[in-house]
Amino acid sequence: MKPVKYTLRVNYLKDLVNSIVELDEQKSFELAKRILEETRDPKVVFEAVRQAAEIIGEKYEKGEFFVADLIMAGEIMKTISGLARQKLKELGEARKIIGKLLIGTVEGDVHDIGKNIVVSMAEAVGFEVIDLGVDVPPSKFVEAVKEHNPDILGLSGLLTTAIDSMKKTVDELKKAGLRSKVKVIIGGGRVDQYACEYVGADAWSNDAAEGVKIMLKWMEEKAK
Amino acid sequence: MPIVEINPGNLRVSVEKGSTILQAVQKAGVPLLSICGGLGACGKCRVVVASGLENVSSLTKAELKLLSPQDIEKRVRLACQARITGDYVSIHIPEESLIVFRGRAIAAVILRDDVYPLSPTVRKIHVNLPKPTLEDNRPDYERLHDALVEVGYIDEKEDLVVPLGVLQELPSILRSSDWDLTVVLYGRELISIEPGDTTNLLYGVAVDIGSSKIIVQLVDLNTGETIAEESVENPQLTFGADIVSRVMYAEKSRSNLIKLQQLVVSTVNSIIERLAEKSGVNHEYIYEVVIVGNTVMHHLFLGIQPGYIARSPYVPAISRSLRYKASELGLTVQKQGYIYSLPVIRGFVGADAVANILATQMHKRRDLVLVIDIGTNTEVLLGNSEVILAASAPSGPAFEGAHITHGMRAVTGAIGSVKVNDSTVEYETIGGVKPRGICGTGLIDTVAELYRNKVIDNLGKFTNVKHPRLRREQGKQRFIIVPAEESTNGVEIYVTPRDIESVLLAKAAVKAAWTILSRKLRVNPSEINRVYVAGSFGAQLNVDNAIQIGLLPPVGREKVTFIGESAIVGAKIALKSIEARREIEEAVGTIVKYVELSVDPEFREVYFESMKIHG
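So the sequence lines, in the order shown, correspond to chains A and B.
Residue 33 in my numbering is what sits at position 33 of the first sequence, and the numbering runs on without skipping anything.
Residue 211 in my numbering is what sits at position 211 of the second sequence, and the numbering runs on without skipping anything.
A few of these clues could be false.
[Stated by the list, open to error] In silico SDA-like links for lysine to any residue, alpha-carbon gap of 25 Å or less:
| hint | chain 1 | residue 1 | chain 2 | residue 2 |
| --- | --- | --- | --- | --- |
| 1 | B | K612 | A | D69 |
| 2 | A | K168 | B | N256 |
| 3 | B | K476 | A | E61 |
| 4 | B | K461 | A | D207 |
| 5 | A | K140 | B | G307 |
| 6 | A | K14 | A | E54 |
| 7 | A | K59 | B | I480 |
| 8 | B | K612 | A | N18 |
| 9 | A | K168 | B | R254 |
| 10 | A | K174 | B | E251 |
| 11 | A | K59 | B | K612 |
| 12 | A | K59 | B | V455 |
| 13 | A | K62 | B | E492 |
| 14 | A | K181 | A | D171 |
| 15 | A | K167 | B | Q305 |
| 16 | A | K168 | B | K612 |
| 17 | B | K252 | A | D171 |
| 18 | A | K62 | B | E251 |
| 19 | A | K168 | A | G133 |
| 20 | B | K252 | A | A195 |
| 21 | B | K364 | B | E583 |
| 22 | B | K74 | B | V48 |
| 23 | A | K146 | A | V129 |
| 24 | A | K168 | B | S255 |
[To be verified] Computed from the model, here is a short list of chain B residues facing chain A with C-beta under 7 Å:
| hint | residue |
| --- | --- |
| 25 | V244 |
| 26 | A310 |
| 27 | S312 |
| 28 | T424 |
| 29 | R472 |
| 30 | G475 |
| 31 | K476 |
| 32 | E501 |
| 33 | S598 |
| 34 | P601 |
[Claimed, not checked] Distance ranges between label pairs, derived from CB positions:
| hint | chain 1 | residue 1 | chain 2 | residue 2 | range |
| --- | --- | --- | --- | --- | --- |
| 35 | A | K174 | B | G490 | 48 to 56 Å |
| 36 | A | T79 | B | E486 | 48 to 56 Å |
| 37 | B | R320 | A | K222 | 52 to 60 Å |
Read the hints as simulated data drawn from the structure, not as lab findings.
Where is the CB? At the ideal position from N, CA and C, for every residue including glycine.
Kindly generate the complete structure, drawing on both the sequences and the hints.
Next comes the structure, spelled out in structure tokens:
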């Protein structure tokens with residue numbers, strides 16, 4: 001029996017990855033459900049999501065995927081990760097959290113499309129995400145860092161003025177003596193290396209998939 | 001009657017058989033160069049017959065003399081010589097044949113600024129006062145006042161406001177002019193007394209402070225005529241092309257703010273000086289300056305900190321119309337003269353949008369009017385005399401060529417229009433020179449044409465259709481518009497999938513804005529009766545393509561009008577008519593409603609839906 005099951009699992013994995021990458025919500029949902037019923041192994045689903053997220057990131061990089069696709073993919077990954085988590089719970093287990101991300105759109109800015117993509121992709125790959133929403137003042141970020149003790153702080157914003165708010169937030173963090181406790185990544189349409197240095201962040205990205213990749217790498221390094 | 005199609009501009013006019021192309025072009029209102037006035041002597045009215053050459057009379061002697069064989073091969077004709085002999089002719093006017101205005105061609109319809117009877121705030125009254133005697137020793141001011149009552153300009157009980165500066169000069173001017181003088185009233189204020197009869201010297205200035213360009217026009221307030229105009233780049237551009245960087249600079253310190261203010265004030269002053277000199281007008285006879293501009297420009301000009309506009313919740317210092325002494329801002333016009341600013345609506349819908357309402361008269365119309373002023377923030381107005389909804393769409397700088405691989409602003413060398421064929425690509429550049437990059441209108445054409453040719457799908461992605469210009473470099477796709485050997489610097493000009501997406505995201509913001517405003521008015525966007533496209537962007541816009549990609553609503557192209565830099569027209573209307581000011585101030589306070597899209601519950605969904613080409 002075992003080898004058969006093994007082949008099945010490999011195919012399931014591949015099929016699920018493909019259906020996510022094809023942005024086929026219905027098929028992904030059904031496949032994930034079947035996998036969970038038949039294999040009783042939520043890890044397969046999580047693995048599929050991880051692999052899909054990677055391929056989607058590459059496709060975005062190549063220009064084959066657009067922002068709208070990332071949003072769609074994010075929703076699919078969120079749904080099926082939810083299914084897998086539920087299954088884990090039923091099995092009396094909990095998913096291994098690879099890290100904790102605290103994220104929000106900085107003060108003075110209300111744009112959150114990019115931030116929301118990051119949230120769903122980060123959740124999909126196994127982060128516990130605490131989303132503070134939009135127009136978040138520096139003090140609120142600092143309090144939340146104290147309260148949740150995240151591994152990573154994500155500062156998002158689209159407006160040019162958001163860069164200044166990001167800097168203020170990092171400055172407040174330094175004042176509170178918390179800067180060394182978290183890695184800081186900034187994201188948004190206007191951020192670049194220059195902004196990253198100005199803000200005093202550890203990394204920057206204006207591509208959600210790439211941002212998640214950076215955060216994964218940080219967690220790997222931390223685990224070592 | 002034969003139809004003549006004129007490009008750029010997508011204009012169609014019908015003319016009598018036998019008319020010259022020049023007559024057709026003039027009928028369409030396009031300012032074609034014709035120095036000799038149609039004699040076939042100057043050779044400046046060159047046009048290209050794009051199709052229907054068989055419906056055009058054969059070459060005249062003048063053309064054979066003035067056109068080279070290469071020109072003739074390229075189907076260049078002189079508009080004053082070529083006559084229309086058949087039913088349909090399509091012509092293209094190269095940029096160098098247009099009367100160039102402010103450095104670029106106008107293909108825009110200039111809206112009328114004489115829709116109200118002339119009634120400027122400043123009035124001049126010529127009076128002869130009786131000389132004082134021991135029997136009649138009324139004080140100078142009373143004497144003047146009584147004379148004005150006598151000629152019926154003011155009521156006996158009505159007093160005038162007399163600025164100290166005017167009063168200090170009153171006794172000497174009355175005497176030096178031998179009691180023959182002209183009184184200048186601004187409302188109820190005596191702003192100047194001039195010796196002799198100067199009633200024919202009454203001027204005002206309209207100013208549009210754009211983020212990238214400042215336009216100044218000098219107007220004769222006795223006739224309503226614009227007698228001189230000039231525009232220059234906004235000198236603040238060196239502090240950032242986008243206004244937010246200027247805001248950030250201004251909020252760093254008070255002196256930074258003053259610096260940005262002074263840059264504009266001194267620019268406006270030097271233009272006024274040049275215009276006055278050019279038209280032989282003494283600046284002492286310029287009594288009022290009307291300014292319009294977006295809210296950040298408005299605040300910077302007045303020296304008000306604009307920092308709070310650029311951040312959520314985007315609050316301006318004030319919205320109503322303002323009136324100050326021009327001297328308070330250091331404007332060199334008549335020393336007691338005034339500056340008037342049209343009201344602003346909100347942080348991202350400014351006095352320029354209000355000026356557009358005045359210019360299009362949408363606040364008085366019964367049909368449904370949409371005004372779109374495309375920029376980094378696109379202002380969208382929809383409504384009529386009952387209600388006008390105003391919103392700002394975060395379209396970003398893609399239409400200005402920013403964040404696009406080979407993007408550039410609409411200046412010489414930019415590809416302004418593109419046509420994709422089965423195996424080739426045709427394009428035209430601004431100024432007819434070798435291409436350097438592609439501007440907003442060229443990008444819109446590219447996306448629409450790629451979609452029409454099925455090279456991209458409705459999401460903007462490259463399909464499997466084979467096109468010789470579609471190439472893959474290091475795994476990344478690109479569509480080549482200009483092969484390396486044809487461009488200025490020998491580099492291929494192409495668009496990437498990301499460029500296409502940027503255009504679609506930009507148009508999605510604009511489309512979401514007019515979609516949501518339409519929903520709020522419970523109308524279908526296709527029912528909009530008139531669409532005005534404002535901004536310098538509009539001039540080369542291909543309407544069909546803009547409708548195709550969904551930047552403009554699906555209305556007939558004949559309902560779309562480019563109005564170019566129309567805010568200056570609104571400023572001029574306000575300068576020339578108190579009535580217009582009262583009307584627009586009232587409208588802004590009553591029928592104009594601001595819609596904040598960033599918190600609108602429908603915005604997100606509509607925005608995503610609007611990213612599609614046939615969304």
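Structure-based check of each hint:
Of the supplied pair hints, the one linking K612 (chain B) and D69 (chain A) holds, its CA atoms being roughly 12 Å apart against a limit of 25 Å. Between K168 (chain A) and N256 (chain B), the direct Cα distance comes to roughly 21 Å. Compliance with the 25 Å bound is thereby established for this hinted pair. Under the criterion of a C-alpha separation no larger than 25 Å, the hint pairing K476 (chain B) with E61 (chain A) is consistent with the structure, at around 9 Å. For the hint pairing K461 (chain B) with D207 (chain A), the CA-to-CA distance comes to about 18 Å; that is within 25 Å, so the pair holds.
Of the supplied pair hints, the one linking K140 (chain A) and G307 (chain B) holds, its CA atoms being roughly 22 Å apart against a limit of 25 Å. Between K14 (chain A) and E54 (chain A), the direct Cα distance comes to roughly 13 Å. Compliance with the 25 Å bound is thereby established for this hinted pair. Restraint check: the Cα-Cα separation between K59 (chain A) and I480 (chain B) comes to about 21 Å, which is no more than 25 Å; the hinted pair holds. Annotation: proposed proximity of K612 (chain B) to N18 (chain A) holds, straight-line Cα distance about 24 Å (limit 25 Å).
Between K168 (chain A) and R254 (chain B) the CA atoms are separated by roughly 21 Å; this keeps the pair inside 25 Å, and the hint holds. For the hint pairing K174 (chain A) with E251 (chain B), the CA-to-CA distance comes to about 24 Å; that is within 25 Å, so the pair holds. Between K59 (chain A) and K612 (chain B) the alpha-carbon distance is near 19 Å, which keeps this suggested pair within the 25 Å criterion. As the CA atoms of K59 (chain A) and V455 (chain B) are separated by approximately 18 Å, the hinted pair is consistent with the 25 Å bound.
Distance check on the hinted pair: K62 (chain A) and E492 (chain B) sit about 19 Å apart at the alpha-carbon level, within 25 Å; holds. Using a Cα cut-off of 25 Å, the hinted pair K181 (chain A) and D171 (chain A) holds, with the two alpha carbons roughly 14 Å apart. Simply put, K167 (chain A) and Q305 (chain B) have alpha-carbon atoms about 21 Å apart, close enough for the 25 Å limit, and the pair holds. For the given pair, K168 (chain A) sits about 38 Å from K612 (chain B) by alpha-carbon distance, which is inconsistent with the 25 Å threshold.
For the given pair, K252 (chain B) sits about 17 Å from D171 (chain A) by alpha-carbon distance, which is consistent with the 25 Å threshold. Restraint check for K62 (chain A) and E251 (chain B): not satisfied, since their Cα atoms lie roughly 40 Å apart, outside the 25 Å limit. A threshold of 25 Å between alpha carbons decides the hint, and for K168 (chain A) with G133 (chain A) the separation of about 17 Å falls inside it, so the pair holds. For the hint pairing K252 (chain B) with A195 (chain A), the CA-to-CA distance comes to about 17 Å; that is within 25 Å, so the pair holds.
Taking the CA atoms of K364 (chain B) and E583 (chain B), the gap is about 9 Å. The hint holds against a cut of 25 Å. Proximity of K74 (chain B) to V48 (chain B) is assessed by CA-CA distance (about 7 Å); at most 25 Å being required, the pair is judged to hold. For the hint linking K146 (chain A) to V129 (chain A), the alpha-carbon distance of about 15 Å falls within 25 Å, and the restraint holds. Straight-line distance between C-alpha atoms of K168 (chain A) and S255 (chain B) comes to about 23 Å, which keeps the hinted pair within the 25 Å bound.
Interface hint at V244 (chain B): satisfied, since its Cβ lies 4 Å from the closest Cβ of chain A, which is below the 7 Å cut-off. The criterion of a C-beta within 7 Å of any C-beta in chain A is met by A310 (chain B), whose closest approach is roughly 5 Å, and the hint holds. With a least beta-carbon distance of about 5 Å to chain A, the hint placing S312 (chain B) at the interface is held under the 7 Å criterion. With 7 Å as the threshold, the beta carbon of T424 (chain B) stays out of range of chain A, its nearest partner Cβ sitting at about 23 Å, so the hint is violated.
Here the hint on R472 (chain B) is broken, as its CB sits about 10 Å from the closest CB of chain A, past 7 Å. For G475 (chain B), the interface hint holds, since its Cβ comes within 7 Å of a Cβ in chain A; the closest pair sits about 6 Å apart. The beta carbon of K476 (chain B) is positioned within 7 Å of a beta carbon in chain A (closest approach about 5 Å), and the interface hint is therefore held. For E501 (chain B), the interface hint holds, since its Cβ comes within 7 Å of a Cβ in chain A; the closest pair sits about 5 Å apart.
With a least beta-carbon distance of about 5 Å to chain A, the hint placing S598 (chain B) at the interface is held under the 7 Å criterion. At its closest, the beta carbon of P601 (chain B) sits 13 Å from a beta carbon of chain A; the interface hint therefore is violated under the 7 Å criterion. The beta-carbon spacing between K174 (chain A) and G490 (chain B), approximately 49 Å, falls within the hinted interval of 48 to 56 Å. The hinted window of 48 to 56 Å between T79 (chain A) and E486 (chain B) holds, with their beta carbons roughly 49 Å apart.
Look at R320 (chain B) against K222 (chain A): about 57 Å separates their beta carbons, and that is inside 52 to 60 Å.
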